[in-house]
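Student: Protein chains in written order, with the UniProt record's numbering: chain A, 1 to 484; chain B, 1 to 98.
Calculated from the structure, these hints are not laboratory results.
Keep in mind that the hints are not guaranteed to be accurate.
[Claimed, not checked] Footprint (simulated), chain B over chain A, 3 or more residues, beta carbon under 8 Å: (1) 24-33; (2) 93-100; (3) 285-296; (4) 328-334; (5) 339-347.
Where a beta carbon is used, it is the ideal one built from N, C-alpha and C, also for glycine.
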Amino acid sequence: MDYFKTSLDQLHEQLRAGQLTSQQLVDETLAGIDKIDPNVAAFLAVNADGAKKQAAAVDAAGIDADQPLSGVPIAIKDNIVTKGVVTTAASKILANFNPIYNATVVEKLAAAGAINVGKTNLDEFAMGSSTENSAFKTTKNAWDYTRVPGGSSGGSAAAVAAGEVVAALGSDTGGSIRQPAAFNGIVGFKPTYGRVSRWGLIAFSSSLDQIGTLTRNVKDAAQVLNVIAGHDERDSTTADKPVPDYTEKIGQAIKGMKIALPKEYLGKGVDPAVADKIKTAAKQLEDMGATVTEVSLPHTQYAVPAYYIIASSEASSNLQRFDGIRYGFRAKDVHNIEDVYVRSRSEGFGPEVKRRIMLGTFSLSAGFYDAYFKKAGQVRTLITRDFEAVFNDYDLIIGPTTPTVAFKIGEKVTDPVTMYMNDILTIPVNLAGLPAASVPAGFVDGMPVGLQLIGKPFAESTIFQVAAAFEAQNDYLAQIPGGK
Amino acid sequence: MISKDSVAHVASLAKLQFSEADLEKYTDQLAEILDMVEQLEQVSTKDVPVTTQSIHLENVMRPDVAKPAEPVTELLKNVPTKKGTLIQVPAIIDKEDD
């Protein structure tokens with residue numbers, strides 16, 4: 001299957017018309033993965049047998065005419081638990097973890113007839129911006145194998161960008177869907193916090209984590225979100241709000257749309273060539289009848305330090321559960337219970353995860369809590385208020401997704417602070433819980449640039465409307481990555 | 001500036017242990033990260049409330065109804081070592097102290 005030329009709608013049409021069966025599509029997809037993945041290394045596990053069984057069942061039941069995902073193989077980030085399919089979060093501590101239940105999103109995909117074709121690589125426990133923190137393999141950027149795919153959903157992004165699958169699920173805590181989507185020239189969509197259930201998402205930072213989509217096309221993202229969104233009794237932080245049809249505004253004109261462009265998003269640290277692409281995008285949106293106005297989000301520069309305190313503090317608490325007792329890695333030759341805890345964790349976690357546990361434990365410890373965790377939570381309030389003030393007057397905020405195009409493998413991995421600063425344009429969105437997308441906006445030196453679109457809480461449809469209008473004005477998807 | 005002793009103390013709270021060389025590396029890296037974090041001191045946060053979550057829900061209730069759960073054998077599937085339906089762990093008391 002040539003996923004470079006096929007949208008979900010087109011696949012669905014072929015499946016529905018009987019020109020293609022789900023089993024054929026799965027076989028072709030598996031063959032594609034066999035061919036492409038040795039170069040890209042996007043998958044940690046290919047669910048070949050399971051996918052074939054699921055496809056046979058969908059074929060036997062008949063393709064659901066009302067469900068565009070029916071019979072379609074989709075990849076799933078390996079921090080989302082899948083019953084009977086080993087789920088590692090790219091950590092040695094979960095190397096053999098075989099979940100006994102499915103995440104809510106996995107249940108929902110299966111109910112829609114989608115096929116779980118495999119689990120994709122990530123930074124260990126989703127902590128990272130390059131997928132280099134995986135305990136198992138280094139995923140490559142689909143456009144240049146010497147560059148990172150971004151992270152932490154680097155496997156999902158590279159798999160979609162390289163044409164291995166039409167869509168993949170990711171998770172986004174500080175940009176982990178949008179940044180790899182930008183680096184790989186595809187569409188990444190992070191919904192509003194609470195829009196998609198986190199039940200079965202291996203917790204990193206519970207107040208920031210959100211599951212979303214990676215696809216080539218904007219409409220495909222809306223169609224996948226239609227399936228996975230909604231209230232879930234098992235995740236009490238999900239919103240009890242109706243789920244609209246996220247495709248409803250796709251194709252509608254954006255005339256009169258009021259768009260804000262924060263000056264901080266084109267400022268210091270942003271590559272001028274990337275900034276130029278965003279200015280060009282803004283001009284295109286104006287040509288379509290929207291207004292684009294410069295605004296200020298004055299606390300932007302404090303988002304990264306606030307985020308690293310909050311996310312690491314939550315992570316240090318969430319990761320206490322990995323103690324070597326009930327599941328996961330247990331160190332050998334341990335003589336007492338303290339040894340089990342300390343040695344299992346010390347041998348099981350990788351360096352970045354330990355760094356964050358240490359930072360988080362420090363921030364929460366007696367004597368430092370007020371100066372760090374509390375202060376970060378207050379700054380989070382100010383960042384949220386910045387967005388609220390802009391959204392009083394505007395429908396949407398745009399900017400670059402990342403300050404630069406994808407960097408080289410190994411370039412930043414030894415310097416945590418430089419790596420963290422890479423997320424400066426995506427992190428504020430998670431702190432405020434807003435929905436946001438990254439869509440292809442051209443190329444700098446042959447590498448993709450992403451345009452970020454940030455919406456009001458639960459205004460996903462507005463993002464889809466503008467993203468689709470922007471996509472229709474350009475032909476960036478006509479350029480296909482060849483690796484090199 | 002964070003000291004190596006403080007980092008060792010935090011490691012013990014976090015149930016982690018490091019070699020001497022790693023302890024020095026983590027001390028340097030944490031110092032660098034905390035340097036970055038110190039920027040937050042520039043922000044005036046007097047009377048600003050703390051945000052801990054963005055969806056503003058509290059006390060989400062659901063009916064307390066008993067539902068069938070997974071069988072014990074299934075629940076114990078990922079236990080590293082077990083005896084029957086019990087999780088097996090090393091002695092709580094250090095054998096070397098016997």
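Student: All hints, please: hold or fail.
Tutor: Here is how each hint holds up against the structure:
1. Counting residues of the stretch 24-33 of chain A whose beta-carbon sits less than 8 Å from any beta-carbon of chain B gives 0, not enough to reach three: the coverage restraint is violated.
2. As drawn, the stretch 93-100 of chain A meets chain B at 4 residues by the rule of a beta-carbon pair under 8 Å; at three or more, the given contact holds.
3. Coverage of the stretch 285-296 of chain A by chain B is violated in this model, with 0 residues showing a Cβ closer than 8 Å to a Cβ of that chain against a need of three.
4. Closer than 8 Å: that is the beta-carbon criterion, and the stretch 328-334 of chain A has 4 residues meeting it against chain B, so the requirement of 3 holds.
5. Only when three residues or more bring their CB closer than 8 Å to a CB of chain B does the claim for the stretch 339-347 of chain A stand; here the count is 7, and the claim holds.
Consistency with the previously given hints fails for numbers 1, 3, ordered from lowest to highest.
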